[in-house]
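Counting with my numbering, you get residues 159 to 326 for the letters of the sequence shown.
Hints in this document: simulated from the structure, not taken from any laboratory. Owing to the predicted nature of the structure, the values given are computational and were not obtained by experimental measurement. Just so you know, even glycine gets a beta-carbon here, dropped at the ideal spot from N, CA and C. Some hints here could point you the wrong way.
Cross-link-like lysine-lysine pairs, in silico, DSS-like; alpha carbons within 25 Å at most [to be verified]:
{"hint": "1", "residue 1": "Lys-189", "residue 2": "Lys-177"}
{"hint": "2", "residue 1": "Lys-177", "residue 2": "Lys-262"}
{"hint": "3", "residue 1": "Lys-189", "residue 2": "Lys-262"}
{"hint": "4", "residue 1": "Lys-262", "residue 2": "Lys-160"}
Derived Cβ-Cβ restraints for the label pairs, each shown as a range [stated by the list, open to error]:
{"hint": "5", "residue 1": "Ser-249", "residue 2": "Thr-165", "range": "17 to 27 Å"}
{"hint": "6", "residue 1": "Pro-303", "residue 2": "Glu-274", "range": "20 to 30 Å"}
{"hint": "7", "residue 1": "Ala-260", "residue 2": "Thr-325", "range": "12 to 22 Å"}
{"hint": "8", "residue 1": "Trp-298", "residue 2": "Glu-166", "range": "22 to 32 Å"}
{"hint": "9", "residue 1": "Trp-298", "residue 2": "Ile-162", "range": "22 to 32 Å"}
{"hint": "10", "residue 1": "Pro-267", "residue 2": "Val-301", "range": "34 to 44 Å"}
{"hint": "11", "residue 1": "Ala-307", "residue 2": "Val-253", "range": "15 to 25 Å"}
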Amino acid sequence: MKKIDITEITKSPVELIGKQWMLITAGTMDKFNCMTASWGGIGFLWNRPVAFVFVRPNRHTVNFIEEQPVFTLSFMPERYRQDLVFCGRNSGRDVDKTAHTALKPATTPAGWPTFEDAELVLECRKMFRTTLQEADFLDWSEVSPAWYAEDNPLHYLYICEISAAYTA
Numbered sequence: 159m160k161k162i163d164i165t166e167i168t169k170s171p172v173e174l175i176g177k178q179w180m181l182i183t184a185g186t187m188d189k190f191n192c193m194t195a196s197w198g199g200i201g202f203l204w205n206r207p208v209a210f211v212f213v214r215p216n217r218h219t220v221n222f223i224e225e226q227p228v229f230t231l232s233f234m235p236e237r238y239r240q241d242l243v244f245c246g247r248n249s250g251r252d253v254d255k256t257a258h259t260a261l262k263p264a265t266t267p268a269g270w271p272t273f274e275d276a277e278l279v280l281e282c283r284k285m286f287r288t289t290l291q292e293a294d295f296l297d298w299s300e301v302s303p304a305w306y307a308e309d310n311p312l313h314y315l316y317i318c319e320i321s322a323a324y325t326a
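All chains, please: the whole structure from these sequences, using the hints.
Structure (structure tokens):
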């Protein structure tokens, strides 16, 4: 893993997150969980590079995110697409995701869990968390039917400082 400056990332965040997807991984190497996500962004806020991600509060990964100050965003090569699909459809409460996929756990130089072969890894230090609220949507009808059925709670929004970035 080679440390890079965040400004060296040349791929569009829309492409990275929306099309390539990412694994949000939180916890320690002794006990961690990952989930596939395609909602979020990368930008600049509070005079620092940030990432923001959306995670439903009922996701198993939330427990791990809440327990540690840092989590990672790992962007895997296309050959891992089916593994990302598996990690998005299955809960770590029920299955060991690394036992059922080709994903091989690794650590960043700072010791946070990620995966071998990741093309890009972002270490994200949590700074802010809030829950999306129906009353804050300017037009709730645009999103509610598609994303928030009765059994799907509104997402947490995490804003995190990108404390380090690595490439393969």
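Now the hints, each set against the structure:
1. Lys-189 - Lys-177: With a Cα-Cα distance of about 28 Å, the restraint between Lys-189 and Lys-177 is violated, given a limit of 25 Å.
2. Lys-177 - Lys-262: The given pair, whose Cα atoms are some 22 Å apart, holds under the 25 Å limit.
3. Lys-189 - Lys-262: Since the Cα atoms of Lys-189 and Lys-262 sit roughly 14 Å apart, the hinted pair holds (cutoff 25 Å).
4. Lys-262 - Lys-160: 18 Å, holds
5. Ser-249 - Thr-165: 17 to 27 Å: Check failed, 36 Å falls outside 17 to 27 Å.
6. Pro-303 - Glu-274: 20 to 30 Å: Check failed, 40 Å falls outside 20 to 30 Å.
7. Ala-260 - Thr-325: 12 to 22 Å: 20 Å, holds
8. Trp-298 - Glu-166: 22 to 32 Å: 39 Å, violated
9. Trp-298 - Ile-162: 22 to 32 Å: Hint violated: Cβ distance 40 Å, outside 22 to 32 Å.
10. Pro-267 - Val-301: 34 to 44 Å: 39 Å, holds
11. Ala-307 - Val-253: 15 to 25 Å: 24 Å, holds
Hint violations for this structure: numbers 1, 5, 6, 8 and 9, all remaining hints satisfied.
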